[in-house]
Every structure is written in structure tokens, then in C-alpha cells.
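Dock chain Y against chain C, hints included.
Chains as they are written, first to last, in my numbering: chain C, 11 to 441; chain Y, 480 to 579.
One or more of the hints may lead you astray.
[To be verified] Computed footprint of chain Y on chain C; a stretch qualifies when at least three of its residues, placed anywhere within it, have a C-beta under 8 Å from a C-beta of chain Y:
no.: 1; segment: 25-38
no.: 2; segment: 341-353
[Stated by the list, open to error] To give a feel for the contact side, a few chain Y residues facing chain C, derived at Cβ under 7 Å:
no.: 3; residue: MET495
no.: 4; residue: TYR539
no.: 5; residue: LEU541
Simulated from the structure, these hints should not be mistaken for laboratory data.
Source: prediction; values computed, not measured.
Ideal placement from N, C-alpha and C gives every residue a C-beta, glycine not left out.
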Amino acid sequence: MSKINVDKLSEKVMKFAQLRYIKVIMNAFMGIAAFSIGSSLFSLMKSIPIPAYQNFLTSSGLGDILSIPISIVTSLYAVMVVISVGYEVAKSYNQRPLPAAMVAFGAFMILTPFSGTVAIVNEAGETVKGVASNILPLSSLGSQGIFLAMICGIVGSRVYCFLLEKNVKIKMPDSLPPAVAGMFETMLPAGIIFILFMLLRVGFDHTSYGTMQSFIYTVLQAPLMGVTANPIGAVLYLVAGKALWMFGIHGDMLVYATLGTIRTAASTANMAAFAAGTAIPYLEWGLLTVMSNVGILGLTILLLISKSKQYKSLGILAMPTSIFNISEPIMFGFPIIFNPIMAIPFILTPGISLLLTAGVMKLGLVAPILNVSLSNVIPVPIYLWMSTTSISGLIWGFVLIALNVVFYYPFFKIAERGACKEEQSMVEETA
Amino acid sequence: MRNIVLLCAQGMSTGMLMNKMLEVAAKTGYECTIKAYPVNQAKIVASKADCMLIGPQVRYELEQVQADCPNVPVAIIDMVAYGRLDGAKVLALAKKLMND
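Chain Y on its own, in the form it takes in the complex:
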């Protein structure tokens, strides 16, 4: 069971993406939880996360998040995949980060 955390400004637009990713995960039988949070909560939620993905509109937070959460792999979501709410592509990115 993997815990994936999505981070954006308020956790709203990633919330939409979260639903799309969960659909893909359910379809492919990949067991995971996915949750969306505001990026300023990264440090708090990091302890329960296996990987964290940052929305491209707050990509300037990457260094800070990496510094705050050294034990969790972090990546920025591709802009087009983010815009198209491409659950499959973003889930693939998460899997790659966790070496699944």
C-alpha cells in the first residue's frame, strides 16, 4: 500500500487530479492512497508519504520541500499532464519515483 501526496497552492486543483489518479489506480488494481494538500503543509504530511508530487504552478517550492522532507522523493508534475488531468501519466510518475 503506497501513500502518494499531491501538493498545490490550496489543494484544490490537485484534488481534481487526485480523483482521476484514483480512477486509474482502481482500474489497474494498484493499491494506493492519494491525498491533496496545500504545499505549505508538506513538512507535516511528509511522514506518512511515500512520494510527493508538486503542481507546476507552485514549482518554486521544490527546493523548500526537498529541504524540509529529505526522506521522501519529490517531483514536479508535468504541465501538460497536469492541465489535462492525466491521471495515468501522473500515477506513472509517482510509481517511477517509488521504484514500483
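Chain C on its own, in the form it takes in the complex:
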């Protein structure tokens, strides 16, 4: 890698990170995080791996109560996406964000069916299935609606900003009080957008899909999820994030902004399964969070026991952050960035760890993870313990750390030899 190439590549990566919609989506997901991180407190409380406590949660019904905030996140995620994206789009165009978010929300709801198939239990205790009107089917507002929500958030808010910029409004006579005139003026941009989306709704009524919700889900989301939300997709997701880190920028965040819609759809479906107490549908994607920085911890352990003085002191410094899955001190301090030798284990180990973990879970050696909404700063063995509610998760966590020490070892030795030589020559110089 020549210096010039690295600089040029770096610059390209930076340009990409500065793109308007990359930032919009990044910020939108970070805004939603306020809600989803809040609800992760309750998935934490549901995941304390003590059998007696777990039995108590079930028998007392407390488990169901704790599931409420988690269910809201999973059932209404698309609503949060459309509001959040609509808000950030308008903000990036220097328009007032909240009205734009409301318009985008309106556009999304216009496309949402107001009826759906429901199962009810009648007085005789029989379950009857039928179509109910005057309801909002949660299935359209949760993980299945995320793609459409993203589209409505961007299109609705962008068109709204465009109409405001172009000054599309009803011209009122000057004699009218400004407040009254103002109301008529803002009626038009939002109204035009609603008409567009109403036309879409009516149009889809006449197709076999019935609604745009089901059209986008069937034609775009489901096939895209099929192609991407599989083990290979999950590994590539990690590889891409780590490769971008090599240029010294937050690669994981950038990949999240690009593929966040897919990841969110997968993890929302996983969370819904967790709240319902069933097996998660996207195992590998559920493992992304916990596998991301386990390699860094392996490397930190090697630093801690290194013969090189500077490595040892970095190991001592970084151990507390590495345990909690924060990688920056090692990324910049070791450094891993712009370091072609360390690039190999750094880019590959998270993906390898993920495949191994999914493998042992599928073979039944380790309990499969159930809960995917735990905080990313929980240390790996404890995360796996809680998310599997099984001691096998805890044990696998430690095995995985040990394996990562092994993965890094040969590459670390090369770097260490250089560092030791450097330290030696410095000692000789001063002597």
C-alpha cells in the first residue's frame, strides 16, 4: 500500500461519510436509539440467567409486563423510522424538522391499511378468524414496514422541503391577519404530499398486492432480506465495517448507516421473537453486536503480557475499555489503522468469531441466543450468558476470547518484534 493510495482511498471514504443521506440515516437511527436503548433495560431485566428468577418472571406474570416496552419497539419501529428520518431530512435542508416529520408520518399512515385479519375468541371459547376494519395492523408498523417507512420518510420530507423552498403556497390577500394567512399558506405543501400518497394508496388498491405496504414488503424487503440477511451477509457486514476502520474512521457506524435498514429489520424481527418467547429468525444477524470487538479484547490480552514495555502499558491502559467492547484506544493507540499487517486479523476475526458462534449454537453445543437487544458495552461472556440465559453461553464467551488471542498471536508477534527492536535501540542510544 503506497502512501498516496491510502490517502486517496481515505478521502473517498470520508466523502462517502459526508453524503447527505448517509448522515440522515445515521442520525435517524441514533435518534430512535433513545427509545430502543431505554427498552433494552427491560430485556436486560428479563435476561438475568438465574433459573429461579426466570420461573418467578413466568409465574408472576412480571415477565409479560417487562415485555411491554420491548414489544412497543418491535411493533412500532417503522413509525419511529418514518418520523425520525423525516425529521433528519428536513434538518439537513435547514427546514423546520418537526412539521416535516409529521408530514412524512402522515404520508406513511395514508399507505397503511386500516383493516386486517384477526383472530378473536368468542363467548363459547372458540377462536374465530376474520377481517376486522377500523384497526391498524401492527404487522405493518413493525419490522415488515421498515423499508416503506424509510421511503416515506425520505420522499415525504424531501418533497415537503422542496415545496417550501419553491414557495408553493396559496397567495392570500394582504388584508388577512398574518397568522390566518400563514395557516392557509402551509396547507398546500402538506396537502400536495397527502394527495400524492392517497393516489398511491388508491392505485395499490387496484393491484393484487392490495396495499403499498405489502407491495414494498414482497417486492423489495423480503427478497433483499433473503439475499442479505443470511450468515454470509452478516459476515460481510462485519468485514466491511472493519475494513473501513482501517482508514481511521468509524467504519461500523458507516456500514450501519448504509445497511442499517436491513440490520434493523432483522433485529426487530429477532426482538419480536424474543418478546414472544420463540427462536430468533436471524441468528447470525443477532450476533453482530457481540462479535464486533471480541478480537480487540484478544489483542489487548496479548498486549498485557507482551515483552515490549510500550505494548504492556497500552495493554494496561486499554484493558478496561476493551472489556467493555470499546475499541478506540487499541485502534489508534496500537495502532491498527493504516497498519497492513494487523489489518488481516482485525478485518477477519469478527466474521470468523461470528461463524464459529453460530456454528456451535446450531450444533446445539451452546444454547442459541434469544435476546438481541442487550447493550453493546456488556462484556462478551456476560452478554452471551444473558442473551442465551444459559451457562454454556458464558463458557463459550471465554472460549471465544481465547480463540481470538490465538488468531491475533502470529500477527502480534511480528509487530512485537519490531517494537522490541525499537525499544532496544533506544536503550542503546541512551546508554
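Just chain Y, lined up with the frame of chain C:
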């Protein structure tokens, strides 16, 4: 009393650096508050800041932050100093920005 703001992706890794800087500030008797925030909150927190430092992993945000907060001096933290959580060096950078 100076208010120093650190910005990174989530305000987590700069949180560690913040503690190291506060230690140095206390030792040298330099009066300041230091707080870490996610970089997308720069505009909101700028009004109370005397200077803002951006973590190198989100250095692509510099232009945006400068545009959003024209009245606050902004700089990017040196990569090695950031990695080594070198509180003294980063505090020195902040002081230089504020001409202290």
C-alpha cells in the same frame, strides 16, 4: 472557568478520554468542565462550549461542525494521543485553541 466539549460517535470512547483530561486538569489546577457528546449533538451543545474537540474516527464531521457552530473553535484530536488516552496532550490542544 472553561467549558471543553469532546465529540465522538456515541460519546463513549471520548468519555474515557474525558476522565483522563479531568485528572490532568485537577493536578495542574486548571479550572474547566469537560463533557463528551455524540457528534450529532454538536449544534445543541455548542452554545455552552468554549472549544470543541472531535475524535479522529469521526473526523469527517469537522466541516459540518464548523459550519453549524461558527463561533466555537474546533479541532480534531491527534490519533495517537486519542488512542493512548493522553489527557495532558489533548488538554494542551484545547488550551491552545482557546489561547489559554
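Do the hints match the structure? See the list:
1. 25-38: holds (count 5)
2. 341-353: holds (count 6)
3. MET495: OK, holds: Y:MET495 within 7 Å of chain C, min 6 Å.
4. TYR539: holds (4 Å)
5. LEU541: Nearest chain C Cβ about 10 Å off; hint violated.
In terms of the numbered hints stated before, the structure departs from hint 5 and from no other.
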